[in-house]
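Novice: Based on the provided sequences and hints, a complete structural model is requested.
Going down the list, the protein sequences come from chains G and E. Just so it is clear: in the first sequence, position 379 is 379 by this note's numbering, and no numbers are missing. Just so it is clear: in the second sequence, position 75 is 75 by this note's numbering, and no numbers are missing.
Just so you know, the hints here were simulated from the structure itself, not pulled from any lab data. Ideal placement from N, C-alpha and C gives every residue a C-beta, glycine not left out. Heads up, some of the hints might be wrong.
[As the list claims (entries may be wrong)] Short, incomplete list of chain E residues facing chain G, as computed with Cβ under 7 angstroms:
#1 62
#2 102
#3 244
#4 259
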Amino acid sequence: MRKKSIAYLLIACLMISLLATACSGNKNNNSSAAGQGKGDEKVKLVVWTWETAKDGLDLNMEAFQAKYPNIEVEFQNMKSTDLYSKYLITSNTEDAVPDIITVESTNLAQIVQIDSLLDITDKVAPYKDKMSPYKWEDATKDGKTYAMPWDSGPVVMFYRNDLFAQAGLPTDPVEVSQKIQTWEDYYEAAKLVKEKTGAFMYGDSKTNSSNRVFESMMWQRGLWYFDDQGKVAVDSPEIQEIADYLIKMQQENLVYDARANTDQWGNGIRDGQVATVVGGSWHDAIIENQYSPADSGKWSVAMMPKWSKDDKYSGANQGGSNLAINKNSKHPEEAWQFIEFMLGSEENQVKMMSDAGLFPAMMIDNNPAIDEPSTYFNNQAIRKVYADSLANTYPLAYTSDFPMANKLMTDVWAKVFLNNSSLEQALKEMADELRSKTKRE
Amino acid sequence: MTSRLNKQLKIAPYIYISPYFILFFVFSLYPILYSIYISFTDWNGSGEKTFIGFENYVQLFGDKNFWLSLWNSSIIFLMYVPLMLFLGLIFASMLNSNWMVGKGFFRMALFVPNFVSVVAVSFVFVLLLNTQNGLFNSVLRNIGLIDNPIPWLESPWWARISVSIMVLYRWLGYNMLLLMTGLQNISKDLYEAAYVDGATKIKSFFFITIPLVKKMLLFCTVLSTIGTFSLFTEPFILTQGGPLNSTLTPVLMLYTESFQNFNFGYASSIAVCFFILMMTISLIQMRVFDDKE
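Specialist: Written out as structure tokens, the structure reads:
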């Protein structure tokens, strides 16, 4: 009989140990995989990314495999926001998978803060001067660099030739740049477009804005939610000036009311109700393939307006990504070989630009691919405009509290338009909330 | 011999129920205790935790968004729960009656929304509720009920109504099924007796059906209360908690603080307060409805 109670005990132990192994199963697998990595056997890298980014990497995969036959790459696609929360959990459990993650610049500083990326300061050193300078700041913490810049989103103004022509505005990109130099000119043009064609100048939501136009206007003047000492600056007079301008555009009904990059917003573009898109270069693919494929030849690209004609910088950045290595990866060397191959070579970057629309963070002004005309955009050499914009972009960083600031800013507009709050008051409230939440000054 | 047998008999039940409890300890109790611990720290989700005592709680009680999230949930609760239980009871009685035809079809039709993926349903609702060219506004405009489009997702009150509509759509069938099981436990004799005494169908609905499914109604109310306060997917996809946080729920706020702002200590203090609050409300509801039969 004693035997039986021992048996019960054994069963209980078995169940507990089963559970324990179930929980740690992942780790065991990884360490055994790591063992195989040594020597000449194949090493497998897991890369977390999303569809559009993977399309770019795929273009260079064949060449990569030819050069590094011992490295096998597995891509796992997911939504960028899911990727960040999943990676947070990974870093918590010190998991060795994934080896490489893709991170948008908007969220990079935040991810760097959680101390789970590999320090690649020495490895990126040769590329320091080859990339757009603004890209490094979000990748750096305490003088150490944790990510390799991939692409940029130089902000330009996409505009509809036909609507501009009907409104009596010039349509040639050079003439448009001459005519619409400042945001004041842009406002005058918006009134003409509205009067003559009934179309709106751009699309943005009153109550659920993504703040992208606002942020571009801040960026080109070197202004941001935080100043260069890290203090909250959103209630400064210069920023209020910009917000005032955008509110004026809304109140005079010159803006198509839809959150940027939603289907509703895209419908406005498709139906010809929106005359311009002031946004990152990657909008070309969105306009051409997603929302307006039937309108070949109707769109052109010019520099975005400046605040004042004498401003030194005219460009801004919107979005763009980076690749980084997991601190707990078992194959950091191979991971870096992958990143260097994809992002460190001009040839491979150009391929991703030409065929996947990822405008490189690497400065490639002299590459002939920049001057290639685009059929959809009236045979204009649109990448030349992007390169100009990028060269004139203010070296600004998103900073780690950007996601929070962006969300709070959405409420500022909503307060103004729904509650009739004064802008000054709304910005003040936002600044205070940001100060208390981020413990900044 | 007998003492050994007794011992075994004493131990055996615990071993039989142990799988559940082991799973419960590992996957529920431990995380709960751990999050209570985190709620007293400042933690960005990785790296060092700094113990800061009750600071998170002090901040939370002064956070107007937290109170707003509770207020929003209460409003959404009032918007749909009474209506849902009322409709659920009516449909349940109809499907439980003798004269109804096509019972299987209607039961299915009402229940299907509940097991369709909530994410898919939410995306469809985003399209339906689109202000400029959504189906809802088009239909309402075409039949002449409205002149200007309704800002379904763009104004605080309409956004709450939209969330309520979607929750109603998803959970009506489920509550109807629960109420139906309640109805089936009511003896037919009571209705026959009432019929003999000359009571109409409507009278017996109000004086027999409703009092006797009270327990089930209570159960549904408690479930709906917890469900409403922990709403997540619907407001997350429909409105992202906006506009002006008018559809922010405690769980959505918890998600924002943890996975968007990387503020895990603060998020855990929300979770702890939320747990205490839900327990209190459930206890009160059970006390109020309990008439000590």
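Novice: If a hint holds in the structure, say so; if it does not, say that too.
Specialist: Hint check results:
{"no.": "1", "hint": "62", "verdict": "violated (9 angstroms)"}
{"no.": "2", "hint": "102", "verdict": "violated (37 angstroms)"}
{"no.": "3", "hint": "244", "verdict": "holds (5 angstroms)"}
{"no.": "4", "hint": "259", "verdict": "holds (4 angstroms)"}
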